[in-house]
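Peer 1: Using the sequences and the hints given, assemble the complete structure.
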Amino acid sequence: MKTLSDPVKSNPYIPMMAEIQSIEPLTKNEMLFRVRLPEPLNHRPGQFVMAGLPGIGECAISISSGPESGKTLEMVIRKVGNVTGVLHKLKKHDLIGIRGPFGSGFELNDFHLKNGNQETLIKDIVIIAGGLGLVPLRSLIIPIMEHKSDFGRVHLIIGSKTPREALFRQQIQQWKIHPDCSITELVDNTDFQDWDGDVGLVTEPIHKLNIIEKNTMVVLCGPPVMYKFVLMEIKMNFNIPDNHIFIDLERRMRCGLGKCGHCQINHVYCCKEGPVFRYSQLTDLSEALN
Amino acid sequence: MNAYLSNLDQIESWFFNLAEKQLFFLPKKTQGVNYRFEPIDHQQSLDLLNYKPTILPPGKNIFPDDEILFSYYKDDDGHYQFSQGVTVNSQLLAGVRACDLKGVYLLDEVFSDGVKDSHYLRRREKTDIIAFNCMTPCDDHCFCEAAQSLDFQMGADIFITPLFSTSHKGQANEEQQCLLEVLTPRGNELIKSLESTECSSPQDLKNHAIASRPQPFGRQFSAPIEQLAKAIHQKDADSVYQQYAEQCFSCGTCNLVCPTCYCFETKDELNLDGSSGKKTRHWDACLSPGFAEVAGGHNFRAEPAARQHHRIRRKFDYLPQRFEQTFCTGCGRCGRQCTTGIDIFNIVNDVYLSVQESQE
Ligand SMILES: Cc1cc2nc3c(=O)[nH]c(=O)nc-3n(C[C@H](O)[C@H](O)[C@H](O)COP(=O)(O)OP(=O)(O)OC[C@H]3O[C@@H](n4cnc5c(N)ncnc54)[C@H](O)[C@@H]3O)c2cc1C
Ligand code: SF4
Ligand code: SF4
Ligand code: FES
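If you read the sequences in order, they're chains E and A.
Residue numbering for the first sequence follows the working numbering, starting at 1 and increasing by one per position.
Residue numbering for the second sequence follows the working numbering, starting at 291 and increasing by one per position.
Bear in mind the hints are in silico, worked out from the structure with no lab data behind them.
None of these values were measured; they are calculated from a predicted model.
The C-beta atom is built at its ideal place from N, Cα and C for all residues, glycine as well.
Please note that the accuracy of each hint is not assured.
[What the hints assert, rightly or not] Listed next, with one range per pair, are the computed distances between beta-carbon atoms: (1) 80/E <-> 563/A: 22 to 30 Å; (2) 82/E <-> 303/A: 48 to 56 Å; (3) 162/E <-> 631/A: 32 to 40 Å; (4) 560/A <-> 25/E: 22 to 30 Å; (5) 286/E <-> 415/A: 37 to 45 Å.
[To be verified] A short list of chain A residues far from chain E (calculated; beta carbon distances all over 12 Å): (6) 324; (7) 492; (8) 647.
[Unchecked claim] Straight-line Cα separation of at most 20 Å, SDA-like style, residue types lysine to any residue; simulated pairs: (9) 557/A <-> 11/E; (10) 520/A <-> 148/E; (11) 228/E <-> 406/A; (12) 89/E <-> 566/A; (13) 272/E <-> 284/E; (14) 406/A <-> 101/E; (15) 272/E <-> 583/A; (16) 525/A <-> 272/E; (17) 520/A <-> 287/E; (18) 525/A <-> 283/E; (19) 557/A <-> 258/E; (20) 272/E <-> 364/A; (21) 114/E <-> 11/E; (22) 557/A <-> 12/E; (23) 208/E <-> 239/E; (24) 520/A <-> 613/A; (25) 272/E <-> 520/A; (26) 176/E <-> 147/E; (27) 92/E <-> 516/A; (28) 406/A <-> 180/E; (29) 272/E <-> 555/A; (30) 557/A <-> 223/E; (31) 148/E <-> 92/E; (32) 525/A <-> 286/E; (33) 364/A <-> 19/E.
Peer 2: Here it is, written out as structure tokens:
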């Protein structure tokens, strides 16, 4: 265990180095990294890691693989700046630094159809992902699909800007064959490309959801602008309690340890108490959804 | 623990003595005006009674800018080898004011909460503190009594209280008796080399000295701090934050000089050989514009008023919720050093008054 007596072991900033097993381009700017860790992460869905290279930098990256992935970790990294730019140049067998897992994440128990006493709990799971928001939510969708009989109906609404940016389309096709699983894929516009899904914003299919309100869990992840409109649409159409709505938030993060202060949302540290929050935890936080 | 009596003259020689054995920091006047914690030198006159708060608080010696978080090199097989990067030397901070002692105490709380910050804690373990109580407010900026840090002594190894009027200047002399309270085993070691007599009734002497201080001691808020904190928590008083934000340059000086600000940015540095380097951390300021900006350019606190609001609530509301202490020690540095004269004392007072007004 961590004690002050061994400086290197008790140093929370030293990453473990993981070997890259494969890198797969998903879109022009996003690549799927599959890496092999020296030891399993034992993460919960929705948690994240700090990924990077010593001497270069690190950034917060969501864990995209399911909780049963063992020593394998999947991440989707979008090239936006310095660190992510360098990570995109890495090749198979190169090493990448990983710290974590960090944050609260989801408890799969909160989504189960029945608990031990055979009491009906959650009949409908609504998951709404905008853009890169699908990446962290995939770590939740995977275990739900793998143990589908433990869960109720699943409604996925997945939005991208254009078909070019749509992620994990093949895997989404496989999810569709599961019983009681409806998936709506949308793009804001087709940008003159082939598209077999719908066109529109992720808010549009919400009113058509066929759900049992008091037994529904809703999960949202996307760009900051998305939340306000999606929440408005949900509130207008359904009566779902605030503690049944989960929101996955992004903030600037440097330490992942609740110390550097960058990720603070009022008094809450997004890296520790988040990035997954119940909406009921956020209603008192003026900075949460701005 | 024990208490001793000694005079200022003897204390000064004791300090010079201690300084020969270890790294010893004391407030020192530099460029004729400002004080800084610097290694003591023999030409120095010690000015223990009258020094004003240093530009940077002594806690920054335990939480230094540019701290190496780790260093590494890649060995011949391409494996990364990590090490702590620095060896930490022991240091003694002397002449620490009660307000700054509280600053250190609060950092102790923060860095031992949750995942332990081994870098801070390792330095702290190797830091001895001899604190020096205040008998007069240092200047028009301080408000330590109102902020409940006057006489604060937790975290010191030895706490010194002058037992005479400190307002007139001059050489240290034998009449200037001081009470030295030893608070830790480490303090017991340190005091051995001081010429002193044991004191049997320290509390009476201390109470007497404290009672002879000017009252009120420094600036006072319009209400007790608990009420202020409540007002700050309850209502956002946007117009007050806005009014101060309009004068603010977002330079971040107020954060950097504050004994309880500890936010940081991290930086990875690669050596020229391309296969070794280090990670360091640097003081950061929540008032600087990019503090809460993420990739893609979204800024969660783009407006200066939002940043000012965050700073005030962090000190009087957010961190107190976690640690049950106000995170402003009333040292007055931010007001003293702000380029445009913005003073946190005025902001919190105005927030309180505006909330009062709106409730009438
Ligand atoms: C919980 C969480 C999960 C995330 N998951 C993913 C994921 O799965 N995949 C993914 O691709 N991304 C994810 N991100 C976003 C990712 O962390 C950022 O894209 C990444 O930090 C960008 O780093 P960079 O060094 O490449 O960019 P930078 O070079 O840092 O530049 C990107 C932007 O960051 C800001 N910035 C960075 N440094 C500074 C500075 N010193 N001063 C001012 N502004 C600065 C600027 O706005 C700049 O435009 C996640 C973020 C969080 C918080
Ligand atoms: S906020 Fe200002 S007065 Fe309060 S502790 Fe910090 S620097 Fe001192
Ligand atoms: S020191 Fe003054 S001007 Fe600079 S950020 Fe602080 S309040 Fe604003
Ligand atoms: S990322 Fe540093 S406090 Fe959350």
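Peer 1: Next, verify each hint and record whether it holds.
Peer 2: These are the hints, each one checked on the structure:
1. 80/E <-> 563/A: 22 to 30 Å: holds, 29 Å
2. 82/E <-> 303/A: 48 to 56 Å: With Cβ atoms ~54 Å apart, the hint holds.
3. 162/E <-> 631/A: 32 to 40 Å: With a Cβ separation near 52 Å, residue 162/E and residue 631/A fall outside 32 to 40 Å, so the hint is violated.
4. 560/A <-> 25/E: 22 to 30 Å: holds, 26 Å
5. 286/E <-> 415/A: 37 to 45 Å: Holds - the Cβ-Cβ distance for residue 286/E and residue 415/A, about 39 Å, lies within 37 to 45 Å.
6. 324: holds, 27 Å
7. 492: Residue 492/A is indeed farther than 12 Å from all Cβ atoms of chain E, at 34 Å.
8. 647: Check passes; 21 Å lies beyond 12 Å.
9. 557/A <-> 11/E: holds, 16 Å
10. 520/A <-> 148/E: violated, 48 Å
11. 228/E <-> 406/A: violated, 36 Å
12. 89/E <-> 566/A: holds, 19 Å
13. 272/E <-> 284/E: The given pair, whose Cα atoms are some 18 Å apart, holds under the 20 Å limit.
14. 406/A <-> 101/E: holds, 16 Å
15. 272/E <-> 583/A: This hinted pair holds, its Cα atoms lying about 18 Å apart.
16. 525/A <-> 272/E: Answer violated: residue 525/A to residue 272/E is near 26 Å, above 20 Å.
17. 520/A <-> 287/E: Answer holds: residue 520/A to residue 287/E is near 19 Å, not above 20 Å.
18. 525/A <-> 283/E: holds, 15 Å
19. 557/A <-> 258/E: It holds: about 17 Å lies between the C-alpha atoms, which stays within 20 Å.
20. 272/E <-> 364/A: Not OK: residue 272/E and residue 364/A at ~31 Å, beyond 20 Å, violated.
21. 114/E <-> 11/E: Outside the cut-off at roughly 42 Å; violated.
22. 557/A <-> 12/E: With Cα atoms ~15 Å apart, residue 557/A and residue 12/E stay inside 20 Å; holds.
23. 208/E <-> 239/E: holds, 14 Å
24. 520/A <-> 613/A: holds, 16 Å
25. 272/E <-> 520/A: violated, 25 Å
26. 176/E <-> 147/E: At roughly 14 Å apart (the allowed maximum being 20 Å), residue 147/E and residue 176/E satisfy the hint.
27. 92/E <-> 516/A: violated, 58 Å
28. 406/A <-> 180/E: violated, 46 Å
29. 272/E <-> 555/A: holds, 17 Å
30. 557/A <-> 223/E: violated, 26 Å
31. 148/E <-> 92/E: violated, 33 Å
32. 525/A <-> 286/E: With Cα atoms ~11 Å apart, residue 525/A and residue 286/E stay inside 20 Å; holds.
33. 364/A <-> 19/E: Measuring from Cα to Cα gives roughly 15 Å; hence the hint holds.
Of the numbered hints given earlier, the model fails hints 3, 10, 11, 16, 20, 21, 25, 27, 28, 30 and 31; all others are met.
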